[in-house]
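> Residues per chain are reported as follows:
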Amino acid sequence: MSTQSSFLPRFFNGTALTALVILWLVPTLGLFVSSIRDKDQLAASGWWTSFNESKQVTFARTDLPETQQQIDGQFVLSGQLTADDGTVFTNVLAFGSSSRDPEEVPAGETATLKNGAQLTVNSDGSYTYVQDKEITGSRGKRIFFAYGQPPRFTLENYDNVLDKGKIGQAFLNTLAVTIPATVIPVLIAAFAAYAFSWMQFAGREWLFAVVIGLLVVPLQTSLVPLLRLYSDLGQMFGFESKGYPGVWMAHTGFGLPLAIYLMRNYMKSLPGDLIESARVDGASHFQVFTRIILPLSLPALASFTIFQFLWVWNDLLVALVFLGQGEDQIVLTAQLRALLGTRGSNWEVLTSGAFISIILPLLVFFALQRFFVRGLVAGSVKG
Amino acid sequence: MTLRKTLSVAIALATLSGTAAAEGLKFDKADNRFSWDSLSKFEKMDLNGKTIRFDGPWIDGDEANLRTVIAYFEEATGATVEYNGSNDFEQLVLVDMKAGNPPNLAAWPQPGTVSELASQGNLVALSDSVEQAVATNYAAGQSWVDLGTYKGADGKEAMFGLPYNVNLKSLVWYVPENFEEMGYEIPQSMEELIALSDQIVKDGGTPWCIGMESGGATGWVGTDWMEDLMLRTQPPSVYDQWVSNEMPFNDPKVIEVMNTFGQFVLNDDYVDGSSSAVASIFFGDSPKGLFDTPPKCYMHRQASFIPAFFPDQYKETIGTDSDFFYFPSYESKDLGNPVLGGGTLITMMKDSPESQVFMDYLTSPIAHELWMAGQGFLTPHKGAKLEAYSSDTLRKQGEIFLNATTFRFDASDLMPGAIGAGAFWTGMVDFTSGKSAEEVTTDIQKAWDAIK
Chain G
1 MSTQSSFLPR FFNGTALTAL VILWLVPTLG LFVSSIRDKD QLAASGWWTS FNESKQVTFA
61 RTDLPETQQQ IDGQFVLSGQ LTADDGTVFT NVLAFGSSSR DPEEVPAGET ATLKNGAQLT
121 VNSDGSYTYV QDKEITGSRG KRIFFAYGQP PRFTLENYDN VLDKGKIGQA FLNTLAVTIP
181 ATVIPVLIAA FAAYAFSWMQ FAGREWLFAV VIGLLVVPLQ TSLVPLLRLY SDLGQMFGFE
241 SKGYPGVWMA HTGFGLPLAI YLMRNYMKSL PGDLIESARV DGASHFQVFT RIILPLSLPA
301 LASFTIFQFL WVWNDLLVAL VFLGQGEDQI VLTAQLRALL GTRGSNWEVL TSGAFISIIL
361 PLLVFFALQR FFVRGLVAGS VKG
Chain E
1 MTLRKTLSVA IALATLSGTA AAEGLKFDKA DNRFSWDSLS KFEKMDLNGK TIRFDGPWID
61 GDEANLRTVI AYFEEATGAT VEYNGSNDFE QLVLVDMKAG NPPNLAAWPQ PGTVSELASQ
121 GNLVALSDSV EQAVATNYAA GQSWVDLGTY KGADGKEAMF GLPYNVNLKS LVWYVPENFE
181 EMGYEIPQSM EELIALSDQI VKDGGTPWCI GMESGGATGW VGTDWMEDLM LRTQPPSVYD
241 QWVSNEMPFN DPKVIEVMNT FGQFVLNDDY VDGSSSAVAS IFFGDSPKGL FDTPPKCYMH
301 RQASFIPAFF PDQYKETIGT DSDFFYFPSY ESKDLGNPVL GGGTLITMMK DSPESQVFMD
361 YLTSPIAHEL WMAGQGFLTP HKGAKLEAYS SDTLRKQGEI FLNATTFRFD ASDLMPGAIG
421 AGAFWTGMVD FTSGKSAEEV TTDIQKAWDA IK
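Just so you know, the sequences run in chain order G and E. For the first sequence, the working numbering begins at 1 and goes up steadily by one. For the second sequence, the working numbering begins at 1 and goes up steadily by one.
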């Protein structure tokens with residue numbers, strides 16, 4: 001074959017891969033940009049508009065009427081356009097005489113207001129408000145104007161999430177759920193997978209079929225029966241039905257079918273001669289498992305660990321059902337939801353919350369990723 | 001090893017029992033905005049070591065306020081109240097209940113659910129002392145008792161829900177300076193309100209911001225409009241018949257009310273972003289149009305909680321930067337000043353002596369005042385001091401409650417879940433997207449027939 005024909009597929013592969021990566025990254029990027037934007041702007045415009053200078057229309061108040069000066073028989077208020085939070089507007093494009101038409105007059109010119117007052121706003125944001133009679137009112141007059149707003153980013157959303165103080169505790173709670181709920185199924189599944197692949201016992205195939213069948217049971221259907229079981233047992237033996245052990249068991253149960261299936265397929269693909277000769281040399285099943293199978297199955301173990309870890313970390317439903325919502329039990333996902341407020345008014349915290357909750361899964365993924373692909377195709381191709 | 005360390009932390013956390021330490025007692029007992037004497041009854045009780053499980057929909061800021069109410073109870077009696085708040089609280093409580101492990105107390109925003117639970121025998125009837133307290137201490141007490149009274153599993157009527165933390169729906173929000181600028185006056189009657197809307201259109205503006213999107217609950221904003229208009233065009237008895245379906249949903253009276261709502265929402269000149277957009281605008285974003293330059297709209301009809309969705313700088317300045325007026329009634333119809341509200345009913349799902357005491361506590365003035373001093377709480381409790389409200393705005397709203405000639409609870413919350421939290425909501429979406437009132441109401445009635 002010539003080199004040309006192998007270049008084309010490679011080129012297409014490359015392009016397709018790049019396109020997919022971009023497709024996947026754009027939403028994440030958008031979420032990230034959103035998370036560092038001001039919440040009111042977030043509600044008003046899309047994240048892709050945030051890199052350019054944008055025209056904003058708003059109003060600011062003059063100084064209080066009591067600071068007016070009398071010059072040549074006229075009453076004058078002058079100063080600098082400033083927002084309530086102290087931001088100074090220095091790039092005024094146009095202003096108007098009423099809220100209806102905030103871009104009526106270009107900056108630097110003078111407009112006559114409805115009440116006869118003369119208003120001048122310069123592009124640097126300085127203004128003069130001149131009137132024949134005394135300026136009255138308890139608040140500053142509103143000046144409506146348009147200005148160019150440079151791109152502005154803030155860490156406020158992150159502050160809001162972290163500031164509430166409960167995130168740290170929720171982070172620990174999630175760890176307390178996730179680590180045992182990952183370790184326990186991995187342990188059990190490794191034993192089970194070995195038994196299914198290399199031990200002879202009656203009904204092995206049937207039992208394995210049942211495990212595979214369990215893969216398709218939606219976990220939602222088993223929530224209530226399981227919780228009832230816990231609650232009955234709890235009443236019998238006097239423990240609280242909602243708690244960490246319960247949620248560990250639940251995650252273990254929900255994770256096991258896939259774990260056993262994945263690992264059994266991987267272990268089955270290991271060379272049988274190796275195990276047989278070890279058996280002939282007098283190794284017990286346990287020795288074969290710990291000395292030979294376990295070290296060889298590391299990729300499968302690691303890939304399932306990642307799967308299970310991510311699934312439990314991101315889980316909301318199981319934790320909501322099997323754990324209380326108190327401060328010592330609430331998990332990260334539930335806590336982020338709680339930050340939304342009773343009627344969901346603080347939805348902008350989700351943008352930064354997503355990135356805070358993603359930190360640990362990212363670390364885990366990068367730490368174990370070299371096993372990931374190997375484990376993912378585990379058992380799918382017989383080598 | 002770090003893993004082992006984290007594990008041991010995990011296990012230590014797992015074995016931690018009990019709840020977090022009680023939040024601070026925010027108010028000094030010398031503060032005479034509060035009726036501290038109503039707390040003394042509970043100080044004599046000793047409930048040390050007793051725990052009350054309480055589930056409710058309040059989270060975040062609301063939860064903090066509730067925890068203040070709880071903290072004083074815990075301090076007085078020694079009991080522990082384990083409050084669990086969640087957005088999914090309704091589902092979670094039902095799951096817990098089916099698993100045989102319900103909380104002692106639960107707060108329901110929808111009386112329709114309370115009625116269902118009561119008839120299934122899942123609720124404990126409240127004590128006579130609670131019923132007495134509501135009947136005598138709440139303004140229009142009997143109507144509040146009725147609100148919490150449902151048929152139990154034995155077919156006998158009893159009070160199952162204590163109304164606590166109510167909100168006011170019949171409010172129109174506006175920006176006073178925008179009104180001043182254009183020379184608009186606050187309308188005193190529905191006729192004036194419609195005239196004002198027309199005037200705003202004539203001046204080149206848009207009178208209303210309406211947004212109905214709310215995830216799975218999209219449409220509830222429309223049902224609130226309907227209910228308010230129903231109370232303003234029909235006597236309260238018709239409203240009650242409508243709620244109980246004695247009067248079919250597709251009765252001409254209901255169709256007329258829906259068409260009245262149509263005068264507002266289906267008029268492209270009246271609503272910001274045209275009527276077809278109403279169903280896709282998030283209800284929490286729609287009031288922001290009031291504060292835009294130029295104003296996207298001049299008025300927004302929404303319940304008392306809506307300032308939580310205002311842009312940050314306007315959240316705390318109600319009364320100056322924004323204000324509200326009562327959604328007026330028709331001058332031509334002599335129906336008084338009806339008030340529409342919503343709120344939560346606190347029910348007992350698992351009886352215990354300490355839960356009974358806590359229910360009694362919730363009827364005492366102090367349990368209301370402590371939350372009035374926070375945010376987002378109104379009460380018809382006559383014994384609670386108006387001074388306790390944290391702002392004039394809340395006080396003004398509280399007074400609307402105390403002075404109402406007719407009070408009616410949110411109809412969609414009273415109807416069975418399949419209607420009030422289903423067909424009625426989706427019907428309002430259909431209506432704004434062009435289906436006729438006749439069709440919509442007939443569809444809703446069909447859905448209602450199906451569950452009978």
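None of these hints come from the bench; they were simulated from the model. Treat each hint with caution, since some may be false.
Stated by the list, open to error - Straight line, CA to CA, 27 Å or less: simulated BS3-like cross-link-like pairs of lysine-lysine: (1) G:K114 - E:K202; (2) G:K166 - E:K26; (3) G:K55 - E:K315; (4) E:K202 - G:K166; (5) G:K39 - E:K315; (6) E:K202 - G:K39.
Claimed, not checked - Where chain G lies over chain E, by a calculated footprint (3+ residues, C-beta under 8 Å): (7) 84-91; (8) 98-111; (9) 285-298; (10) 310-316; (11) 359-373.
By construction, the Cβ of each residue, glycine as well, lies at the ideal position given by its N, Cα and C atoms.
> Are G:K166 and E:K26 close enough, with their CA atoms no more than 27 Å apart?
Answer holds: G:K166 to E:K26 is near 20 Å, not above 27 Å.
> Examine the stretch 359-373 of chain E: at least three residues should have C-beta closer than 8 Å to a C-beta of chain G.
violated (count 0)
> Hey, G:K55 versus E:K315, does the alpha-carbon distance stay inside 27 Å?
Holds, at about 25 Å.
> Given the hinted pair E:K202 and G:K166, is their Cα-Cα distance within 27 Å?
Cα-Cα ~52 Å, so violated.
> Three residues or more, CB to CB closer than 8 Å: is that satisfied between the stretch 310-316 of chain E and chain G?
Contact hint for the stretch 310-316 of chain E vs chain G: holds, 3 residues under 8 Å.
> For the stretch 285-298 of chain E, do at least 3 residues have a Cβ located nearer than 8 Å to some Cβ of chain G?
holds (count 6)
> Is the straight-line distance between the alpha-carbon of E:K202 and that of G:K39 27 Å or less?
Violated: E:K202 and G:K39 sit about 34 Å apart, past 27 Å.
> Given that the stretch 98-111 of chain E was listed as covered by chain G, double-check it with a C-beta distance under 8 Å for 3 or more residues.
Result for this restraint: holds, n = 4.
> Taking 27 Å as the top limit, are the C-alpha atoms of G:K39 and E:K315 close enough?
holds (14 Å)
> Measure nothing beyond the straight line between the CA atoms of G:K114 and E:K202; if it is 27 Å or shorter, mark the hint as holding.
holds (18 Å)
> Checking C-beta pairs, does the stretch 84-91 of chain E have three or more residues closer than 8 Å to chain G?
holds (count 5)
When the structure is compared with the earlier hints, violations turn up for hints 4, 6, 11 and for no others.
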